[in-house]
Amino acid sequence: MKLRTGLLPQPVMTLLITFLWVVIVSRFTLGSLVMGALVGLAVPLLVRAFWVDRPVMRRPLLALGLLARVLGDIVVANIEVARLVLGPTARLRPTWLDLPLELESPYVATILCSIVSLTPGTVSVDIDMAGRRARIHALNAPDPEAAIATIKRRYEAPLKEIFRC
Amino acid sequence: MELLLALGVGLLTGCGVWLVLASRTFAVILGLTLIGYAVNLLIFFGGRIGAKAPPLALPGATGLADPLPQALVLTAIVIGFGMVAYFVALALRGVGDSGSDAVDLPAAAPDREEGP
Amino acid sequence: MLTGFVLPLALGLVGLAMGLNLFRLLKGPALEDRILALDTLTINAIALVMLAGIALGTKAYFEAALILAMMGFVGTVALAKYRLGGDIIE
Amino acid sequence: MPPSFLPLIVLLPFLAMPLLLLADRLGRRTVALVAGAAMLGGLGLLAALAAPVLAGEALVLWRPWLSDWGLDLSFRLDGLGLLFTLLIDGIGALIVLYAYYYMGEDDRLTRFLMTLLAFAGGMLGVVLAENLLLMLLFWEVTSLTSFLLIAYKWQYHDSRIAARMALAVTGGGGLALLAGLLMLGHIAGSFELSVILDRGDLIRQHRLYEPMLVLVLLGAFTKSAQVPFHFWLPNAMAAPTPVSAYLHSATMVKAGVFLLARLYPALANTELWFLLVTGTGAVTLLLGAYLALLKHDFKGLLAYSTISHLGLITMLFGLDTPMSAVAAVFHIINHAVFKASLFMVAGVIDKQCGSRDMRRINGLARYMPVTAVLGIVAAGAMAGVPFLNGFLSKEMFFQETIAYPGFTGYGTFLLPAIATLAGILSVAYSARFVHDVFFNGEPVDLPKTPGPPPRFMRLPMEVLVAIVVIVGVAPQVSVGWLLKAAAGAVLLGDLPPIKLAVWHGFNLPLVMSIVALGGGLFYYWSRDRVFTLHERYALDFSSPVAFERAYNGAAASARRALAVLDRRQLAQYLGLFLGLGVAGGAYAWGSAPASSAGAPLAGPLPLTPVDPVSAFAFVLLAIGVGGATWFVRQRLLAIIFMSVAGLVVSMAFIRFAAPDLALTQLSVELATIMLMLLALRFLPQTGPAERSRNGRFAGALLAAGAGLGAAAVTFAMLTRPFATISGYHIANAKPLGGGTNVVNVILVDFRGFDTLGEIAVLAMAALGVHAMLHGVRLRAFVANAEADADRYPIMLRMLMQPMLPLALAVATYIFLRGHNLPGGGFIAGLIAAIAYVLQYMAGGFAFASARVRLDFVALIGAGIVIAALTGVASMLFGFPFLKSAYTYLPAPPLDDIGLASSLVFDSGIFLVVVGTILLVLTELGRIEVKDATADGGSSEGLPRPATAVQG
Amino acid sequence: MTHLPILPFLIPFAAAGILLLLTGKGPAVTRGVSLLAAGLGLAASLALHLAVSSGEVLVYRLGNWPAPFGIVFVADRLAGLMVLLLFALALPALLAASRGTDIRGRHFHALFQFQLAGIAGAFLTGDLFNLFVCFEILLIASYALLVHAGGLERTRAGLAYVALNLVGSSLFLVGLGLLYGTMGTLNLADLAFELPHVAPDDVPLVRVALMLVSLVFLLKAAVLPMAFWLPHTYAAATAPVAALFAIMTKVGVIALLRLAAVALPESPAGALLLQPWLPVLALLTIALGTAAALAARRLAVVAASLVLVSSGTLLFAVADGREAATAAILYYLPHTTLVTAGLFLLAGAIGAARGELGDRLARGPAIPGARRLGLAFAVLALAVSGMPPLSGFLGKLMLMQGAGSGPWQVAWWAVLLVSGLATALVLARTASLLFWEPREPARGPVAAGATVSPALLLLVLASPALTLAAPAVAGYAGAAAGQLHARIPYMVAVMGSGPDIARERRP
Amino acid sequence: MPVSPADLLVSLLLLVGSGFALVGSIGLARLPDFMTRLHGPTKATTLGVGAIVIADMVHTSVTTGRLSLQELAISLFLFITAPVSAHVLAKAALASQARRAAGRSSD
Ligand code: NA
Ligand code: NA
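Protein chains in written order, with the numbering used here: chain D, 1 to 165; chain W, 1 to 116; chain Z, 1 to 90; chain X, 1 to 951; chain U, 1 to 507; chain F, 1 to 107.
Read the hints as simulated data drawn from the structure, not as lab findings.
All clues stand as given, with none of them false.
Pulled a few chain U residues facing chain W out of the computed Cβ check, cut under 10 Å:
#1 F132
#2 A157
#3 G158
#4 L159
#5 A163
#6 N165
#7 L173
#8 L179
#9 R506
Covered stretches of chain F (chain Z as the covering partner; in silico rule of three or more C-beta atoms under 8 Å from a C-beta of chain Z):
#10 50 to 60
#11 66 to 76
Residues from chain D that face chain F, not an exhaustive set, calculated with beta carbons under 8 Å:
#12 A77
#13 C113
#14 D126
#15 H137
#16 L139
Quick reminder that beta carbons are idealized off the backbone N, C-alpha and C, glycines included.
Next up, chain D with everything else stripped away, as it sits in the complex (with noise of 0.2 Å):
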């Protein structure tokens, strides 16, 4: 707990990072990885000031099934986007969804709607934290409360779980 306010304020970023400069140097050495960590630490000390309001990862295994999951749905969801696009456009039910969040944290509400966006026919609008809700545009959502309830189990409940939150 001391490091994140002293000389590891992010340790998921310094991470992150260091991956990101192997890479992207694409160089995989002891020279590339120590490097990339120097940047790692160094970075987001730099930043520190602009890190508000930024949940702890509880669960990291749980996150990844998550992104396995999400990377799935983004294929899937294309496959049906394309159809829907290709397909004749007047059969199309565009629709609102008005997605009731239990997310109390604004990043992790921000997180569940860029999932939104990506996957299936829908994109994320507006996030109301004050009123706990997010606006979600659907493609063709001839059910919404379907829709809705489909987010919240495939994404908000991991999520939830995930930062705890």
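Since chain D is already given, all that's left is putting chains W, Z, X, U and F with the ligands on it; use the hints.
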């Protein structure tokens, strides 16, 4: 291809010139930007086209593009940005001073009796 | 090399996509449509750059594609924010 | 070799000027004494040098100065110079004495005498210069000091204008003279008089003789108030009377005739000389004399009389016989003496009566008898009354008109007739001066009751009138020696026998004199008729009003012309420049020498086939550019189309293997768009009227020309091969510059100095924006969001948090790898800056600036200093500025990052770029909005654009 | 090796950076640093001047890269003269600004120092693209200095000035791009070696490039038809800035002179490039400047118009192209620069003394300290109108003899002389209005001790000094002209014995 | 003609990628209103480019014989930013619809 590129430069130049001759700052800014594109392309083409690789002197690399015009264009782009930034601020200052975004000089003072 | 045959096809598809973006750009009708068209055009341009990299067998354009992705995004946000409030900073 | 103190005669008055300032504290008398001493001192020096000169020698002192340009500090004292020095210093001393009494207590005598001394110095320089250009220099000094002296009473409108008028005429003449003398020097091959005077024949035969003569004469005639340049002189009478007496009778106006005398051996003896000089002199002689009578102001009368007498002298020089030249020199002396005394008399009268109007001044013989006698005697000399000096030279003049050999038949009578007529007129105006002032009843309505002047004020007049009489009675004894020396100098020693005597027997000139005397008195007696006629018909071109009107007219014309030429429109300025660019380019191409004539536009290289992607890109570019141009009034739309064009340009950079350029173009374009968006909000949607139809047509034409021109040169260039030095850069980037990205090595090493300049430009742009937008408040023309909450969408705010470190990591990568791969300090700086700007956009100004906590100006300064210090560091090792050095770190643990000094340089660049972008964008973003109350979140109160444009 | 050639650039450049770091430290500190830098710059340029006066061409290879691959600074007599003039002008301008105008806006001193660096670089650089960069430095500094202290007049004048110069920079780049695209080099000396060997078919394109570059120099020099911006711009600037601007037109003139004298001779690409038309434009520019002075309603506008006159004068002599013409302008140039600068400062002093009326040419209130200001005016007026005995007269004498030949002679003399006379009359009239007309009480705030400041005094004394030192200055000018027109010493100093370097054929 | 598995994979990814890119753009072009048009680019184009990026990655790794992952950074970036772009654009569209409804508009 050469003709196409030349026409591209000409198009940018022509439209840029047309725009800078307007009476308002926004059009002038736009025109200057387009002229900037044209100029940068022209300098760049000074190194000719048809290079096989970017000017990275890696071992075994051949057919590198001419690096010198690229360096010149880089300098020109950055300087051009500074200039346009200044011009934009100046335009705003002009709006602040007169409420108008005209680029012309204020009218001359009327002829006045100045005594012998 | 199969890739050699597929590449022009992929280029054509991406080109076609960009042509459609162009159509939306010209048609509008709302400014948001045009901003969206520009954003999509930029993303397709990333595809184009990657394809060019494959075709030319060089990695020299990686940075360009990366910057294209970053700058395209920031540009879209800036334009949208202008539409949202007229003030993109404050 | 003459004594080196010859120039001292010229310098003396100038040297005395500061002494006058010192003397000022000791009172007027001391001032006048110092000034007088300067004049008399000159005479003393002259006396020391006189003996050989009177024997006919010319003393020349040559001192090289600007020899390459013909201007040397050489002086010459010969008979002519001696005569004039005598006049200038002698009469000058008397004038100082006179002025001491004439100038009132409140008239700042010191200033007056200082200017007078400067004038005297200039005049002495003219007459003693050996070098023609030096003479010209002094010539202009007299014009300028005369300007100051005429404007001495600057409180008066007439003085000011008269001064400028005199400057216009004599200054203009001086310039003509300059041209003429330059030609003369060119013809003669030297500017030294000794050389020039010897080369008269060569000069007269030169093809440039005629224009040169005209120019020189213009100088002489303007200075000597010859018709038609005479009008400045009467107006110059606005000057204090000592000035009139000195400059406008004795000295300055004589500079013109001096010049005729000085250059006589080199220029005279041609038909053109005769025609111009005699003709001008004759007309001036008659017109001056005629007008003199008509002046009610007695100073005006004297002024016109002076013009007339100068005409007489000029005419004599024109006659081109040795004896006429002698007569001219003689009249110079005589006129100077009697006219100076007459002006002094006039000054006394003016001062004692408070008026110069002869219609009011009458019968002064009773109020100031001594002065009256002096005036009458001097006026007699002016009229040519026997036993006075004027008579003698006038007789000689008559004699010369008779003796002139150039005319035959009836023409023989022409010159004598003119002379006699002039004689009649001069008698008439002299009679008027004497009769109308000293007699003719009682004064009418004078401001003051006239009385005699102070005793010593009369002294100068008495001296001069004494000379008038002495010369008139005993000419040979009194001035024979001087005349001989002076005329000898004019004629280069080739003197005819001169016999000055009062009585030459009863001859034709005497008859002419008698006719003149009688006719003149008759003419004066019937003057009223002439006055009436003159007032009815004469036109007056010469008044100050006319001059001022002419000047103001010229200024007004200049203004009108400028208003037509300079429309004060940016489009005009740009149009003219670009038009010249197009025309100049076409000219340059078309005017190539014959060896390249017919060079084709297309060079020898084969054309590359067009690929579909490039063709498509061209269409995209055309749409982007065309859209931006077409939708320029729908500004956001125009920006969107412009981005398309920019995208194509960066794609082109990629297509033609320039990744660094693509990176830079993309980042800079984004920064530009943000800049425009920030500004757009404050730019009014409606503005000034668009250009006129014609303007738009011209604009279209120019745009087409520029576009075609640019396309043509691009095509010509692309189709030609060339040889470049850049092979060196490619070959040496790695071994000598330590990097594989040649572009980056050029930027930070080979041509690092360019880059240093470039960041200076960026820095200054930011500083300029910072300085300029300080305290600016603007009206926002674009509506704000409906609710404040919506201004910073949560998703944006949240996602920006991870974006910042990720972007900075990318920036670090781009920065560190830039020396070897595309990237470098610039692009890294742009990325980092934009990452920060994103924070401003997402979280708002207050949120971000509270966290950035950077002084952007200091950041820029640090960048500049770091970059410069990198360069200076190499100087410490004995290398030139900006010499780079590099080394590679051992591979582990830090990869193989080359640690080049250029990396430090690049970090300076990085800092400047970050500082600049942030400073500029935040300065634009934080502009205070006017009407804050109306703006506060509610959209209803916002100012509405006059005409909304549908997006 | 000597670092002298870089110092006139480096000192102000570093000072600018330091001044940025000192932002907010108060006027005493910034003024001190700025004045110190200008003084050091003056000392350095004096040393450089002395070093080159022997005739040696000092070549400074930036980054130790050989020409033409790297950038070189080349100090010959001409550069030595111009750099010395620059700092001789900068010091008074800075002194004048330090009397208060510098704190009427931000960053004055940093911008001023950058401007000095840019101008010095433009005089010294031997590389054409680097010349562009130096131009940009001096231009953007001038943009910012121009609008320093604000106001609509300044802003709009600034807009026109900036836009025009931005287009000018674009044209410059086009010219440089074409030049590189044909000659493959950017170094002036290298160019001079290569130009005679251009293939006949490429000559027209090279000519276009050289023409465009020349036109940009002419824009900076404000020749007709690109002259109208100048009076508005210069008259809008604060007096010390306008005084410094007096040397900016000369940057264009000198650049053109160098290009014309070093690169263009002996090459079909340079033949008859300027000669037939530039003299006409130059003479028309003198006429325009004279008319503008006649039409002017402010003293600063008169001064600015006279800058046009001097530009036209210099350019005519440049177009003339003979050594004597160059010798003449190299004497005339320092004179006209310092004197017009003095007129700008004087206009500022008079303006400050007359309250609301400023330097407008209208009857106005009595000027406190009129006598000294009047004397200063007299000296400057004499000098600027070419009246004896001051340097203006000597300059005119040289110009008339040195430049113009054949059919041009008459027009040249006529324009020069008439312009001089008209100038004298305008200034006489101006003196009359400012110092002699009936007085009214002043309105608005009036400077307490409107007097001849040390800065103004320095500039007023310039012309007398140039007169007294005429043989020395003219001798130096003649030597500089000789060195410039000899060409080869310059080219060899930069490039070594010859340009036999490896060139890569492209494409 | 020999077809290696990598070659096949790359070709497949290229086709899929460019196909999705096209689909996204078709959606942008043909769907009836802004909100529906927003869906295509947000998902399909992002995925399409992602596929092409992976194709590049595989291709480069195979041809150079060294694992090349840097292209992943682009995908990562696109996936992070696409929802945000869509979000702010949707907001902007709604805001300007509201403005139009209120009878005000601006460029
Ligand atoms: Na009377
Ligand atoms: Na770089």
